[in-house]
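What follows is each chain in one-letter form.
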Amino acid sequence: MSTAREQIFAALRQGFRGRNEAAAKVGVDARLARRAPNLVPARAKPEQKRAAVAAFTAMAEEAAATVARVNTMIDVPGAVADYLRNHNLPMRAALAPDPLLDAARWERRKTLEVRKGRAEAFDEVGISLAYRGVAETGTLVMLSGENTPTTLNFLPETEIVILPADRVVGAYEEALAPLRSNSEDGSRHSLPRVVNFVTGPSRSADIEQALQLGAHGPRRLHIVIVDDAAGP
Amino acid sequence: MTEMSPLHFKENAIRALGDAELQRALGNMRQGFIEKRTKAAERLPEFDALRDKAKEIKDHVLAHLDLYLEAFEKNCVAGGGTVHWAKDSAQARDIVLNICRLVGAETVTKGKSMVGEEIEINPFLEANGIRPIETDLGEYIIQLRNEPPSHLIAPAIHVNKEQIADAFRQHHRDLSPERPLTDRAALLNEARRALRERFLEADVGITGANFLIAETGSTVIVTNEGNGDLTQTLPRIHIVLASIEKVVPNFDDAATLIRVLARSATGQEMSVYTTVSTGRKRPGDLDGPEQFHVVLIDNGRSKLIGTEFQEVLRCIRCGACLNHCPVYGSVGGHAYGSVYPGPIGKVLTPALQGLENARDLPNASTFCGRCEEVCPMRIPLPKMMRHWREQEYAKRMVAPRVRWALRLWALAARLPSLYHFGARLAAWWLYRRGKKGRGRLAKVPYGEGWTRFRDFPAPLGKTFQSQWRGPRRHRRPSP
Ligand code: SF4
Chain F
417 MSTAREQIFA ALRQGFRGRN EAAAKVGVDA RLARRAPNLV PARAKPEQKR AAVAAFTAMA
477 EEAAATVARV NTMIDVPGAV ADYLRNHNLP MRAALAPDPL LDAARWERRK TLEVRKGRAE
537 AFDEVGISLA YRGVAETGTL VMLSGENTPT TLNFLPETEI VILPADRVVG AYEEALAPLR
597 SNSEDGSRHS LPRVVNFVTG PSRSADIEQA LQLGAHGPRR LHIVIVDDAA GP
Chain V
8 MTEMSPLHFK ENAIRALGDA ELQRALGNMR QGFIEKRTKA AERLPEFDAL RDKAKEIKDH
68 VLAHLDLYLE AFEKNCVAGG GTVHWAKDSA QARDIVLNIC RLVGAETVTK GKSMVGEEIE
128 INPFLEANGI RPIETDLGEY IIQLRNEPPS HLIAPAIHVN KEQIADAFRQ HHRDLSPERP
188 LTDRAALLNE ARRALRERFL EADVGITGAN FLIAETGSTV IVTNEGNGDL TQTLPRIHIV
248 LASIEKVVPN FDDAATLIRV LARSATGQEM SVYTTVSTGR KRPGDLDGPE QFHVVLIDNG
308 RSKLIGTEFQ EVLRCIRCGA CLNHCPVYGS VGGHAYGSVY PGPIGKVLTP ALQGLENARD
368 LPNASTFCGR CEEVCPMRIP LPKMMRHWRE QEYAKRMVAP RVRWALRLWA LAARLPSLYH
428 FGARLAAWWL YRRGKKGRGR LAKVPYGEGW TRFRDFPAPL GKTFQSQWRG PRRHRRPSP
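Line by line, the protein sequences give chains F and V.
Position 71 of the first sequence, counting from 1, maps to 487 under the numbering used here, and the rest follow consecutively.
Position 62 of the second sequence, counting from 1, maps to 69 under the numbering used here, and the rest follow consecutively.
Extracted from the complex, chain F is given alone in its bound form:
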């Protein structure tokens, strides 16, 4: 008896009778190796970084995220503390253990208690670092990994994401391009286990078609854009 796999392929090939097999193979291999966006909307091609950050901010806010902007990493803990205080949220958070975030010197902000690591069920606030921001729709691109665990994006009720301004790009394709394989130098892709594209806080319209925020994931998404993340 043939396996399910063999049966499926036999049925498919039945439908492809008469196909030029050699040409089909060449076409498919070329398509798999191709690294060229099909059609990128004009709005996803901002001319300068400044326009990209402005477009990102407008679209993220439209998706019900809030956005703050600071100069350098040192200003981040203050911005986070302000946000939490203004929303009457606990001054305690799980923090992504990314070296870039260490530059923020969290320990100097005594009122804010951070614990480095993944989010646990009891965490009410999670702070993580975005890999990219996509101007097209105000979308954050979050990677899984030892420095940025995925649970931070989904378990806490409040998600705070730090986004260095130079990481804002126009289109989805641009955001993922550095992680894809390259047929020219033969390198394999370096995609992490998960790439999360996040556009605003969690929501549902499943009860009488009325939109409500905070279905299972975060109720609030706050983005802190850092203009000069490499700076002092």
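Errors might be hidden in some of the hints.
Stated by the list, open to error - Ranges of calculated distance between the beta carbons of each label pair, as one might list FRET restraints:
hint, chain 1, residue 1, chain 2, residue 2, range
1, V, R50, F, E600, 36 to 42 Å
2, V, G361, F, R451, 39 to 45 Å
3, F, E536, V, E77, 48 to 54 Å
4, F, T488, V, D95, 58 to 64 Å
5, F, G647, V, Q170, 54 to 60 Å
6, V, L207, F, A458, 29 to 35 Å
7, V, E42, F, A497, 40 to 46 Å
8, F, A439, V, E363, 35 to 41 Å
9, V, E53, F, E600, 27 to 33 Å
10, F, F538, V, E113, 21 to 27 Å
11, V, K43, F, G434, 42 to 48 Å
In short, the hints are calculated from the structure, not lab data.
We put the beta carbon where it would ideally sit given N, CA and C, even for glycine.
Got chain F; can you put chain V with the ligand on it based on the hints?
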């Protein structure tokens, strides 16, 4: 109870037309979805060009489906995933059960998956002592109510908040029976709390897949709630259920489809969460599943390749064709008696289950063409419904009464004088009957399904053609 079989479409539709609550819900739905989609489409000048691209991508994939599936399998395995193949529902269910048994699973959380509904995974797991818990809010509600979904992306669209409160009181027994559950926010919060525990205790998480990416062997899910992500991040095992036509060549192609999906479905610029998963937890990762399984399910799709129904496999399950369909908008999803309702269901269900098991479906159409106009994948749904109709007629599956009527009509249509005589006779007869009912008819022969809930307006005693000729005579320019 609505009969869950496509063979009962007529009876179910008649019942749905008389259901006031359902009619109210459907009224809201059509307005909301239609307006939002129109706005989103207008805001993106490239929207129609993206639809053309999207269609082209899927046509290319379907012409090379075997090759892309091979590439997906190879790259998924290279990334630490396990790929399983299932020819039909029974095989797919066995694969899932075996994985669950190997890890001693007791509870399984589930993200929304249409193919999961198609293979009826939930009752099967339950019968085998494993508790499946739907985590999409709408799916959770209908699971508690023990009913199937009635819309592709809004599964509980037919339920009102009082009914949801009843279901919650019945199932959340650990909470005070006196608690108020009158507003929507209270219902959402209660579901959030109840499901949070389930997410944390589950041994296995099952999700569907909106796309499979051959280039990297990744699976992609698109959700708004974040339930799919909690489902696949917290348990030790992640199982993805995907039908074989979900594969796309590379990430550029996925990006194109993503640009048309949310806009067509909910009118959002982008869904809240789009998640690309590649393999299992990596060394050093602080979270994520230890095993990543992808079950590739055929269940009748491979035999559509090379036939006039191949194009239906372009569908990305956005639901736009349902939202814009006058028949769906009148009878709702349950009347179709199949997992896939609306225009897409009318074409897909007979293809997957066989025409003899879905007879009424392709006929339940006004052929108004709205579904094809809004379908982001430009699937010619009305044309395909007509294909089914022709096959149905050819296979002599049409009732003798209808066959005779069609034959008589065909004869008359070839003889204009006979046609006009018949039409005049019918119009005159309806006019006479209508006089008694002040211009409305409570019953028309062979039109009971319509007249049970609404009256048929009586014609004015003349046929369309005679009226058309009438006024034109007066408009003739005088010599
Ligand atoms: S047939 Fe087209 S409109 Fe209908 S669900 Fe599929 S993709 Fe959407």
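* **Structure versus earlier hints, numbers of those that do not hold, lowest first** => Numbers 3 and 6, in rising order.
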